[in-house]
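Colleague: As they're listed, the protein sequences go chains H and P. Here the first sequence stands for residues 82 to 371, where the numbers follow the working numbering. Here the second sequence stands for residues 13 to 277, where the numbers follow the working numbering.
These are computed hints drawn from the structure, not numbers from a lab. None of the values given here were measured: they were computed from a predicted structure. Where hints are given, some of them may not hold.
Said to hold, decoys possible - To spell it out: a stretch of chain H is covered by chain P in this simulated footprint if at least three of its residues, at any positions, have a beta carbon under 8 angstroms from a beta carbon of chain P; those stretches are:
1. 196-209
2. 257-269
3. 274-280
Claimed, not checked - In silico contact screen, one side only, chain H against chain P (beta carbon under 10 angstroms); selected entries:
4. Leu-141
5. Lys-284
6. Pro-288
7. Ala-289
8. Met-291
Stated by the list, open to error - Taking lysine-lysine pairs in the DSSO-like style, the calculated list, with each CA pair at most 30 angstroms apart, reads:
9. Lys-284/H to Lys-152/P
10. Lys-284/H to Lys-226/P
11. Lys-139/P to Lys-201/P
C-beta: ideal position from N, C-alpha, C; glycine also.
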Amino acid sequence: MMTDRALPVLTVLLAIFALWYAAAVWMNAKWVYDQASRAGTTVTLAEVIPQTMAQPRPLLPPPHQVATELWKGVAAQAVTSKRSLVYHGYVTFRGTMMGFALGIALGVGLAMAIVRFRVMELSVMPWAIISQTIPIVALAPMILTVSNQMGIDNREVPKAIISAYLSFFPVLVSMVKGLRSPDQMQLDLLSTYGASQGQTFWKLRLPASMPYFFASLKVAIAAALVGTIIGELPTGAIEGLGARMLIGSQFGEPLIMWAALFAAAILAGGLIVIVGLIERMARARMGAPA
Amino acid sequence: MKDTTQIGQPVIEARDLDLTFQTGDGPVLALKDVNLTINKGDFVSFIGPSGCGKTTFLRCIAALEHPTAGTLTVNGLTPDDARMRRAYGYVFQAAGLYPWRTIAGNVKLPLEIMGFSRAEQEERVRKVLELVELAGFGGKFPWQLSGGMQQRASIARALAFDADILLMDEPFGALDEIVRDRLNEEVLKLWARTGKTIGFVTHSIPEAVYLSTKIVVMSPRPGRITDVIDSPLPRERPLDIRDSRAFIEIAHRVREGLRAGHHDD
């Protein structure tokens with residue numbers, strides 16, 4: 082199965098690299114031509130191309146420059162150094178996990194209340210939907226300021242709140258659907274046993290909702306990471322991949338920005354793989370056909 | 013398991029039962045003036061076209077629906093109280109096994125809810141799986157079993173807590189004829205071994221005649237009983253009884269009853 086997938090994936094990857102290099106040449110060439118005209122010389126295309134590949138501040142760094150910077154950030158520093166992407170990645174990872182956990186708790190809790198009490202559905206659901214229409218970049222600085230006003234100096238808390246704000250919603254929507262997935266016949270069956278509300282929840286609704294839950298986790302973990310990075314962006318943040326990206330952009334160091342961006346992408350990929358593995362284990366335990 | 017001391021005592025009694033559903037198109041008379049007595053150890057089939065109220069009546073006995081008029085008692089109690097005393101097991105048309113539980117886990121479900129001890133759960137699961145000839149399949153998941161085996165597991169689940177009354181709502185309706193014949197035979201064997209009172213909804217005339225000691229013929233709009241036939245067939249029934257004269261005569265009477273109550277409107 083792996084080889085079936087490898088060919089199309091590699092093809093797309095190659096196409097992306099080709100496009101990327103072409104774009105890098107095209108975007109970075111302007112700087113080479115400017116330098117040449119300032120020096121009063123002319124350059125041929127054959128001379129331009131190598132010079133677009135190794136600029137200190139390229140408009141678009143080519144893949145190998147990003148890879149080098151990424152390698153430098155990961156392997157060439159002590160992991161405790163403020164320049165280490167491992168260090169910043171860990172800060173972001175920690176924030177993501179806190180936000181993710183908070184988001185799951187909030188999403189599952191609200192879904193349980195909504196399924197149990199009709200009034201909750203009428204009162205909470207519209208607000209949950211509205212909450213997702215507010216751009217988080219507008220809300221994030223407010224959350225930071227308010228939590229600062231409330232005397233929370235620790236940036237972890239507002240970051241986790243921003244992260245949870247984005248990640249609770251997919252969990253909520255999926256869990257409402259999942260907890261309602263048992264059909265009338267299954268509910269009737271439990272009712273013939275004289276099962277209580279609590280027993281119906283634990284024995285039927287909750288296990289029946291698990292496939293929905295895990296599907297939502299993959300969306301929620303990515304949302305939690307995005308939320309954490311946004312929480313690291315506003316000025317004042319000095320740690321985390323988001324802060325690294327901001328520093329890169331503000332100090333005109335595109336390589337730092339791109340390396341942080343790719344570190345975040347790798348982190349996201351890793352987290353999704355881990356969630357997928359946990360899902361596989363849970364499915365196996367719940368007897369799903371392999 | 014078999015308790016023959018009270019055979020013939022009435023266990024389910026319906027008097028002037030009405031049930032009206034309020035729908036968007038106005039009230040629908042699902043049941044009208046239903047009078048019926050089911051005795052202990054009876055095998056009662058309810059037969060009729062869709063909309064005749066046969067399933068609704070079964071659901072009333074199980075307290076899944078509540079009549080709007082008349083009285084209905086199960087073991088002398090209201091259906092709700094009878095449920096609390098575990099008076100009946102219910103088998104639906106679909107097996108409805110939980111895919112995340114093994115067969116043994118599924119059979120255990122009512123026992124967990126009713127608070128049987130762990131040791132007793134294991135013991136009962138073993139016994140009923142043997143009874144439906146699924147011993148050795150306890151560790152399998154539902155998707156690993158055929159449709160007929162799944163339905164047998166759901167019967168085991170209904171039997172696990174030893175209810176006196178077994179209510180079955182077209183349990184074999186979704187299965188093919190051959191599997192159905194075999195399961196019919198097994199249900200009869202089960203009935204003979206346990207002495208339970210069985211209420212069985214079907215729309216198959218041969219199935220109703222083959223299984224029942226009492227056949228209740230129903231017709232729709234409003235849902236009502238048009239004929240109650242006490243079967244003269246012996247309780248011991250080999251499959252080839254279906255070619256006997258008595259069998260064919262009862263089947264004929266059922267068909268007549270269905271035709272009389274049927275008008276295409």
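Colleague: Against this structure, judge whether each hint is valid.
Modeller: Structure-based check of each hint:
no.	hint	in the structure
1	196-209	violated (count 0)
2	257-269	holds (count 3)
3	274-280	holds (count 4)
4	Leu-141	violated, 50 angstroms
5	Lys-284	holds, 7 angstroms
6	Pro-288	holds, 5 angstroms
7	Ala-289	holds, 8 angstroms
8	Met-291	holds, 7 angstroms
9	Lys-284/H to Lys-152/P	holds, 19 angstroms
10	Lys-284/H to Lys-226/P	violated, 37 angstroms
11	Lys-139/P to Lys-201/P	holds, 15 angstroms
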